[in-house]
Every structure is written in structure tokens, then in C-alpha cells.
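Chains as they are written, first to last, in the working numbering: chain A, 1 to 331; chain B, 332 to 531; chain C, 532 to 1165.
Keep in mind that the hints were calculated from the coordinates and are not lab data.
Fair warning: there could be bad hints in the mix.
[What the hints assert, rightly or not] Incomplete in silico selection of chain C near chain B, CB under 8 Å:
1. A719
2. M761
3. D779
4. V1069
5. M1089
6. I1152
[As the list claims (entries may be wrong)] In silico BS3-like cross-links for lysine-lysine, where the CA-CA straight-line distance does not exceed 27 Å:
7. C:K1161 / C:K1093
8. B:K333 / C:K1093
9. C:K1158 / B:K426
Even for Gly, the Cβ is constructed at its ideal location relative to N, Cα and C.
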Amino acid sequence: MRRWAALGVAVAVVSLAGCSGFQSVLNPEGDNAISIARLFWFFLTVCASIWIVVMAILAMSLVRARRNTAPETRDQRRMGFVIGGCVAASVIILVVFTLASFFTNKSIAAAPEDPLTVKVEAHQWWWQVTYLDKRIDHRFETANEIHVPVGRPILLQFESPDVIHSFWMPNLAGKQDVIPGRFTELTFTVEKPGIYRGQCAEFCGIEHAHMGMYVVAQEPFEFDKWRGRQIGDSVPPTNAMLRHGYMVFVSNACASCHTIRGTDAGGVVGPDLTHFGSRLSIAAGTVPNTMANLQGWIANPHGIKPYTQMPSVALAGDDLTAVSQYLESLK
Amino acid sequence: MKTRTVLDVSPLPESSFGSRTLTWWGTLAFMSLEGMGFALAIGAYIYLRVFSTHWPLNSPPPDLWPGTIVTILLVISAIPNHFMATWARAYDMRKVRAGLTLMSLLGIAPLIVRAFEFWGMRLRWDTDAYGSIVWFLLGLHTTHLLTDVGDTVVLNVLMFTRHSANPRRFSDVSDNAFYWDFVVLSWLPIYFVLYWLPRL
Amino acid sequence: MSAAPEILRDTDLAERSLEERITHIWRTPSGIIGWLSSVDHKVIGLRYIVTAFTFMGLAGVAALIMRLQLAQPNMHVVNADRYDQLFTTHGSTMMFLFAVPVMEAFAVYFVPLMIGTRNVAFPRLNAFGYWVYLFGCIMLWASLFSNSGPDVGWFAYVPLSRGYGVGHRPDVWAQMITYTELAALAVAVEIVATVFKMRCPGMTLDRIPIFVWGGLVLAFMVLFAMPAVMVSSTMLILDRLVNTHFFDVSLGGDALLWQHLFWFFGHPEVYIIFLPGTAMISTMLPAFTRRPVFGYMAVVLSLAATAFFSFGLWVHHMFVTGLPRLGESFFTASSMAIAVPTGAQIFCWIATIWDGRPRFATPFLFICGFIFTFVIGGLTGVMVASVPLDTQVHDTYFVVAHFHYVLIGGAVFPLIGAVYYWFPKFTGRMLSETLGRWNFWFAFIGFQIAFFPMHILGLEGMPRRVYTYTPEMPWGGLNLISTIGAFIFATSFVLLLINVAKSLRSGVLAGDNPWNAETLEWATTSPPLPQNFTRIPVVSSRAPLWSGDDTFPVIAGMRADKREVLLTTLTEAEPDIRESSPGPSIWPLIAALTTGFTLLWSIYTPWAIVYGALPVAVSLIGWFWPKGTKEDES
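Chain A with its partners taken away, still in its complex shape:
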């Protein structure tokens, strides 16, 4: 009885979990993830049935055997045939499983036509995202966030300058390792607009836990609008406060690591901040991008992400406010 109850609970929990989740295998919104989810439910149904049957037979043998008083009298040959049959049945099921996963794999791996190509470089511990384009001046860079148009295939090309990372957006596609010295890529098409979260899935060092990112899937016209803005340089500061903030940024250590296109800040160690204000999160998905979080982050990065490579920069109170306001103005 308890086993059945446990199974019931398990099934209920699994199906509940499937209802929501912006970082979940069970809520697929990309073609790649949808076919895998279909395969998953097929496997799960068959496997759960097998388990129930095996447990039922085990339970029967336990109950039955207690009544049994004369051992060693069973027809051993018949039992041998039954076992042979079970083995044959498992072979058939496994062949079906193998074929099913082979064909799913084939459909996932098919090369896309006219994909949107984005280069994703994984760093300890953030994602550098470069939109490639034939026109050099249409290339642009952002971080920890990929905007994509729904319905168009996306081709991600991966690179890692340090250790092995793994790119994983469970709602959209299976994961792909990012390996130094190796060329890897991933394709998928997002079917529904929305914000999806993912994070690094290969242990990549001490802040592996804080290496998240977002995919923002938009209707094509919205995506084009976003892209148009991102191609452009940063918004120049429009008032005294923002100008002060800009000065703080370029005259302190900030500019030696970060680029803000259209300004003197040209560092290439950390993320490009040209349109920082338009992003969803700070520190690779660690906290939402709000003014308060940003101030906290600049004042003491290690308070939010203890082992981040971003150093603390000592700033006076009004400098901190100004630089935060400036960065948030970079829409």
C-alpha cells in the first residue's frame, strides 16, 4: 500500500512541478527541449510501469511464499522460461528506447537554416555574448543575457578561455559543454515569447553556483527594436548627476575592466556595460538589476557573490549613487 501511495505522491509532485518554472525541463518552450520532454514522458511512463510490475511480483512472492510450506517442488523449468521471457521483454523495450532516443537525437541535431548566430564565451563566472553580423558595425556585445526572436533558429557558438563550463537553458534545449580548445555549438528555436533562466551546469570553480543567465525570447519586431538599440553606442549622460557618475566610472578602476561603447571606458576583462540598464540581472543572474542591488554590488561585490573576480572599489557615498544612476541610465 505504502509503495502505491509513494508512487502517487511522486506522480502528483512531478506533474505539479511541470506546471511552472522558468528554469525547468518540464516546461519546455524550445523545439529541442519539447522533443526531449516528449521522449522523457515516454521513458518515464514505460519505466514506471516496469517498476510497478516488478514490485507487484516481488510483493506477491513475499506474500505467497509465506503460505508455501513445501519448497523445492516448483517446476524449475517453467520458472526458467518465465525469466527468459522477462529478459527477452527487457531486450525489446531497450531496443525501442534506443531507437526512440536515436531519432529524437537526429531531429535535435539537424542543421538549422538561416540561424541567428551568437557567440557565447563562458568565463569564470559570467557569460560574454557577442551577436555576430557580416557588417562589423552591426556586431555588438552584451553579457549574461541573450535576446532572441521567437520562431527563428538560434545557433550558439561556444568558447571558453579558462575552464570547462556548460551552457544549459532547460526550457529551451539540452545542455552543451563549453570546452577550452574545442569548438562546440547548440541550436534551438524558441516557440513562445518569455524570459527563461539557465545556469552553468559543469562545475567551473568556486562561484559555479552564481553563473546564471537569461534568454529573453521576443516577437521578431520587438527583437529587432532591441537589437537596433544594442548596436548603438551608450546613451550619453543627460544631467549633472549622470555626468558625475560617468566621471566616477572612467576615473576609477571600473573603466580598466569594463567597456562602455561611445565613452573612454574600454576595459575587456569584465562584461561590456554599454546597455547595462536594460539588463535583467547583476553578477550573472545573482540578483535582479535594481538601483539598490547595483549600489550594494559596487560597494561590496563580495557581499553578493563572495568570490567574484570583480574587486571592491572604494567610493564615497555620493560617487556610488552617481555611478549607479549613470549605469542604470544606460538603457
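For this one, chain A is given, so just place chains B and C on it according to the hints.
Coordinates of chains B and C only, in the frame set by chain A:
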């Protein structure tokens, strides 16, 4: 529990040779695992070669001479080694002593040439991955060569002491010969990989 | 060659004085040096078992700390640095210092007893292996306690472990591998020689107890799998120590070479742990169903087939590294195929229960708990064998759940059952059945609560090896449940410890064969005398203790004046040679110390290998040089 005797084993011998003894099987097991180590190291060499655009990376192929001399020395040593095993089985103390002394010398000779082999690789272990893997393969085999020569020398000394008057010692000599064959045989694929694969 | 009159044979002595004499010859000497010199496979086997369980306990505490840290988002029980050391040490300990050694330890203890001989084939190598293993255990945990525990995962992927580790932490990991592999290989060599040549007369291949087959299969897998991790960890040490470039992408090296080598070892490793567990099930089951295990041949062939297949599926750990798709499909097929022999074994066990009269003692409860749990783990294993599914669940908590179901369900449950089953043989006393039942239900229920939710966590997107997660992720609830389950599960081990402690003082005396089992270890006293059998038994069936005879067939003519074992032929087990068996010696310990310190030192300088070569050579010569004992000289 009460026992009843069904078999008398007192007529059985107290020592023997080859696959009838424990040591032989132990030696074989060690050879299997070491052979597996060699195979994997060779696999790593081939793997690195497959994944690089040119090979050997930025170096000329190794100098053929030292490696070939070691190969010839090792192959030649297999002959007296075989005879020594036969003499041990015949409990011929005089010949076994002579054979062991000869085998000690025939073991030390390739070790000396081996030093020139490292030199003949024409690059260091820290030059690049090619340097690392050739030094690794060579080092791995040298370790085996060194340990077996050490074993032969110790056994050689032992056979000139009072401990030699023991049939088990002759069995040890035969197992030592068995292991030397492994050291020689395992060298041949490594020789091919190190010296001829870069020339193919 | 000793003169005839000096020889004393067992036929020359009366039963009583014979036993005393043989015991005297085979005993472990008294005193501290004597204790350190022991070469008795039972003494060493028990040392292995106790040590392995001790470190399992420590690694379990590490797991509890991690569970506390993960119980809710953004917890601060430990920091990331500490967490990484904890999960690396937990994994490394459980795999290298607990699971493999404890399975080998049971083989070291029981193989000689089950095949009716007096010691393992190379008793001093056995002692050496244990000391080296202990050295590795102490080094790893001393490092953890001094904040230099390895922090790059039990799999130590390059380039992270090559150039990004803190201080000497990755070296500690790599050198720990060397120690435990030395020990594992030593045991493997002994087991192969022991099973091949030392079976008692009449124990033909088809009469070998299944646990002994399990030990043999384990030994072969170790022989062919462990060299891969020896090679790769040596390369890693060289990369770090003397600047080689095996894994250096910029100079022709390759990051995936590590993964190929590591998993070529790492996948068989899982079966090295699991197959002895199944062999324990097959060995215990007859005693609790009161019939021989159904399908002896099928079970033995399954063991061999599983071992064979296990070498052909390492790539399924690398499905997301971007290897060619066609190659991956081959590994899907082979990973699925391995489920067939494992399934066959499960069917055979259920048939055994179906046809038997079960006795619901604690070991049998663990057998049932094993089937319940392991089948889940096996089926999720089939899921992760599929490339597309694996790309989603790889490196997530789904996989964490999967392999804990397989390893705890498939190996630890049988192991705890085996502790209850064989405790009377170890100590002469029974463990308490009442506490045993509590132990089982805490373990079983606690385990399911701790690990079942992890499947769902993985599907909800929780990756492995994260030290925390943000509150926006919906993982807090299930993680809390899992943590509670972990503590319930841990309690079961406390109960086991209490049970052992109580029973050691006041447990019911067991007698020779308390379970009325069929195999030879129950034919001798509990605990066995140092010589195991005063007279070597002769067997004529697979279940020598169920033959119905009231007298036990034995051989005569063994010498009673030195340690002697009987060697038999490989397949038919016909008596062939009476060979001396080495006596106690302190040299294996000395050799282990010189080797151990040399390897430890080599973490800091490559010259240690050069300086250390001399003491190592001296200790080895000391070990093998004849000392003039009867065993040495005849």
C-alpha cells in the same frame, strides 16, 4: 563438526614452476595491469596525434639509433633469458648463477643506452604535449626495466648466498625470466609508436 | 630441501593438539610489533572494513553539512570554498576510500574462508595494500581538516584541476588516487591468484560460491580499469609538478583526454562497487529463502557480462561534450544493453524468493529494500543512457538521485545486510534483530525521503555542485525535505553503530552457522581460528553445508610445522602442490611508509622520487630477502 579424511596430500610436491604456482599467477596479474597501463598510454599518444593538425607537433622525429639499439639489445637478451628459465627448471645451480649474472649485465646495458634515448627525443617533456607523451611512454617503460633489472640483480646476489639451496628460488628465477619477457615484449609496440609512427 | 625426519604432518598428531599446533603456527604475534606485522587475511580484512566504515562516517557527516547548507536558499552554514572541499572529499572518500575498499575488504575476509583455504595468495602484499590505503585516507582527511582538501570534484576535470586549484589541493586528490589504486591493485592481484589456485579440492568452477565469483569479477575489473586512472592522475601530477602539457590546450594537449581516461576507469568503477553488492545478495538469499539461488549459471554469467559491457560505455559520461552524434548513439546502445544482465539477476532473485520460504530477518529486509531501491536507480540509469535525455539531466540533481539510488540502493543496502549477516562470523555474536529492524526502516525511509526529491529538483533545473541557490529558484521546499531525509538516513547508521557496540559486549552467541547457510565460511568456528580450517575441507557440491552429512570430508597430509596452503588446479580444483605461505612481517608496513612518504613528498618536489627510491628499494629488498624461517627455506 566431525570430520572424515577422504584424501591424503602428503605425496604432493612443495614447489613447482610456471602456472602451477601462485607467484606465476601474481606475476601474470601484474603484467595484465601494467600492460593495460602501456596500452592506455599508447592510446593517449595516438589520441593526441589524431587531435593535432601536424605531428610531431613542432619537432623533428626522434633519433632512430638509440631506440633501435635498445630494441636489439632487448630482443637479444630474450635468448639467454629463455635458457636461464630452462636451467632453473632443471635446478642447475651453476648455470643459473651464470645466467643470472649475464642477465643482470644484459639488463644494465639497455638502461645505459636508454639515457641516450631520452636525449635522442630532441625535445624536453615540458616543450609541448608531444614532448610530454614521449617522455611519459619512455619513462613508463624505463620504470619497468629498472625494477626488473633491480630484481634480477638482487636475485643474482641471493643465489650466491646460503639461501640459494631451495627449490623455491629456482621457481623465482623462472618467474623473473617470465617477467623479463614481458619487459621486452611490451617495449616493441612502444618502440614502434615512438620511432616509426612520427615517420609514417 | 629439509630431511625427512624433521617434517611434522597433521597425521602425526591427535585432533586436539593438532588444532592447538596449527593455531599457534598461524596466529598473529602478540605485542605492538606483532600487531603491526599481521598478515592474517581476517585481521587485515577487518581493519579494512573498520577503516572504510570510519571514513564513510566522516564522509557522511560531510554530506550532512552540505545538506544543511542546501536546505534553504542563500544559507551560510559553510562558504563556497569549504563547500567545494566538502563535496570533493565526500565523493572521493565514498568512491575511493569507502565503496571500493569495503567491497575488496569483504572479499579479502571471505574469499579464503569460502573456498576453504587458510590465507590469501600474497599475504604480505595484502598487508602492504592496507597500510598504503590507510596512508591515503589519513592524508585526504588531514588535508580537509587543515583547509587544504581537494576542491575540484572527485572527477578533477582539467583545466580546472590543472591550473586553477588553490595551492596543493588538486595534488592531494591526485596522490590520494595513487595510494588507493596501489591498494586496490594489490587486492585484485591477490584475489585472482587466490581464487584460481587455492580453492579446496572438489571446488570446480561451477561450485564456486557466487560471492567468490563477485570477488573475482571485481579483481579483473580493477586490473583493467584502475590503470586508466593511474595513467591520468600521473599525467595530472606531472602537468602540475614538472610542467608537462598533456592537458594544456595551448601546447598540443587536450582537455577531453582527461575525461576519456577518467571515465574509462570511472564507469567500470561503478560496477566494481555494485557487482560485489549483487554477489552479496546472491550469497545471502539462500539462507533466508531456504533454497539455493535460482539460476546459478545465469547469475554468474550476468556478473561477467556486466563487467565486460562496463568497459564499453564510458562515453555516456561525455554526452554533452560535443562528440560526434553517431558515436554517441553507439554508447547509448551499449549503456542500454548493460541493463539486460542486471535485469536477469533481479529476475533470478525474485524467482528465488517466489520459490522459497522467506525468513524476514534484518539481512532479508535489506535485500528487499535493495530490490525496491535499485530497480528505480536502474530505470533512471536507462533514462540517462539516452543521449537526448542525458543532455537535459546530465550534471543535475536528477543524476545525483540516480547514482545514489544505484550506489546506496545497489551496494550500501546489500552491504549493511551483509554486516548483519556476517557479523556473527566476524565476532561470534549476533546483532540485535530488534535494533536491526529499526536500522532498516530508518535507512529505507530516510533514504527515499532524502533522495527521491532530487529527481524532481534536477528536472526543475537544479545543477549539481552548487553551494547555494537564489531565493527566486523554486527549490527550497524539496531541498528541505531532502535534508530532513538525510538526517533520518544518517540516524540509521547511528543505530547500526549502537547495535554493533551493544552486541560486541553482550550479543547472543552465534555458534558456527547461525543462519543455517550453505557456504564454507560457516563450516568453521565464529570467529574463525587463525588457520581458518584445521583440516582443509573437500567439497562435492555447490552447497557443502546442506549436503545432509553429519561428518565433513577433509584432507590429510598437510605439514603441521609451518604455514602451508594447498594449491589446486585451475578448473577442476585437484590437489597439486603444498606451498608455504609467508608468515608475519613488519616489512610491508615499512615499505608502505617509505612509499607513502615518497609520494607525499613528491607533491612538493619531483626530486622526492629520486631521493625516495633508495629507502623504497631497501624496504622492498628487506621484505623479500629470506629470513631463515621454515616458510622461507622450504
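Structure-based check of each hint:
1. Checking C:A719 against chain B: minimum C-beta separation of about 7 Å stays under 8 Å; hint holds.
2. At its closest, the beta carbon of C:M761 sits 6 Å from a beta carbon of chain B; the interface hint therefore holds under the 8 Å criterion.
3. With its C-beta approaching chain B no nearer than about 7 Å, C:D779 sits inside the 8 Å limit, and its interface hint holds.
4. Taken as an interface hint, C:V1069 checks out: its beta carbon lies about 5 Å from the nearest beta carbon of chain B, inside 8 Å.
5. A hinted interface residue such as C:M1089 counts as satisfied when its beta carbon comes closer than 8 Å to some beta carbon of chain B; here the least separation is about 6 Å, so the hint holds.
6. Hint on C:I1152 holds. Least Cβ distance to chain B is approximately 6 Å, under the 8 Å limit.
7. In summary, the hint linking C:K1161 to C:K1093 is supported, as the alpha carbons are separated by about 6 Å, within the 27 Å threshold.
8. For the hint pairing B:K333 with C:K1093, the CA-to-CA distance comes to about 24 Å; that is within 27 Å, so the pair holds.
9. Simply put, C:K1158 and B:K426 have alpha-carbon atoms about 25 Å apart, close enough for the 27 Å limit, and the pair holds.
Violated hints: none; the structure is consistent with every hint.
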